[in-house]
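Sequences listed follow chains A and B, in order.
Counting in the numbering used here, the first sequence runs without a single skipped number right up to 793 at its last residue.
Counting in the numbering used here, the second sequence runs without a single skipped number right up to 793 at its last residue.
No lab work stands behind these hints, which were simulated from the structure alone.
Treat the hints loosely; a few may be bogus.
If several chains are the same, the list does not tell them apart, and a pair holds so long as it fits within one copy or across any two.
To be verified - With a straight-line cut-off of 16 Å between C-alpha atoms, the simulated EDC-like cross-links for lysine to aspartate or glutamate are:
1) Lys-715 to Asp-760
2) Lys-791 to Glu-768
3) Lys-715 to Glu-761
4) Lys-747 to Glu-761
5) Lys-753 to Glu-785
6) Lys-747 to Asp-760
7) Lys-747 to Glu-758
The model shown is predicted, which means the values in this text are computed figures rather than measured ones.
Number of protein chains: 2
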Amino acid sequence: MKIIVTVTPKKNVLDPQGAAVQHALESQDFPGLKAVHVGKIIELEIDEQGGAGWEERIDRICRDLLSNPVIEDYRWEKAS
Amino acid sequence: MKIIVTVTPKKNVLDPQGAAVQHALESQDFPGLKAVHVGKIIELEIDEQGGAGWEERIDRICRDLLSNPVIEDYRWEKAS
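Modelling step: build the complete structure from the supplied sequences, incorporating the hints.
Spelled out as structure tokens, the structure:
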């Protein structure tokens with residue numbers, strides 16, 4: 714199965730990448746832009762037989778390894 | 714409205730970030746991992762009144778600015 718983890722900067726944290734993209738889009742005459750946030754997406758392909766507790770395990774790696782909970786939010790979903 | 718653009722490396726392109734995450738997860742004893750891909754996600758908040766042709770405009774900025782079509786695929790969806 715495929716797990717899609719999305720990690721985005723928290724709303725009140727400075728997001729220089731988002732600011733840079735917003736600035737670039739504005740300079741390209743892209744109208745009506747209010748905000749841009751840039752995050753990352755991690756696709757994990759894992760065996761169907763994840764075994765007991767695989768959801769807790771994914772939560773743990775999201776928290777400990779794939780995101781920095783101080784400045785980032787994460788969410789994950791099962792894609793297929 | 715919110716537009717979510719997802720940019721991922723093409724399947725046959727070397728993905729060193731994905732390989733690094735896969736290696737880290739394996740060293741953390743995460744079982745059954747087959748592949749990891751790391752991409753980026755760009756959330757654009759734009760005015761409801763995008764005007765005529767806003768979909769073509771978003772396609773254009775995805776292609777020209779937010780992704781490198783030689784090595785990356787992109788997709789976008791309207792979130793709300």
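Going through the numbered hints above, which ones does this structure break? Give me the numbers in ascending order. No hint contradicted; all consistent.
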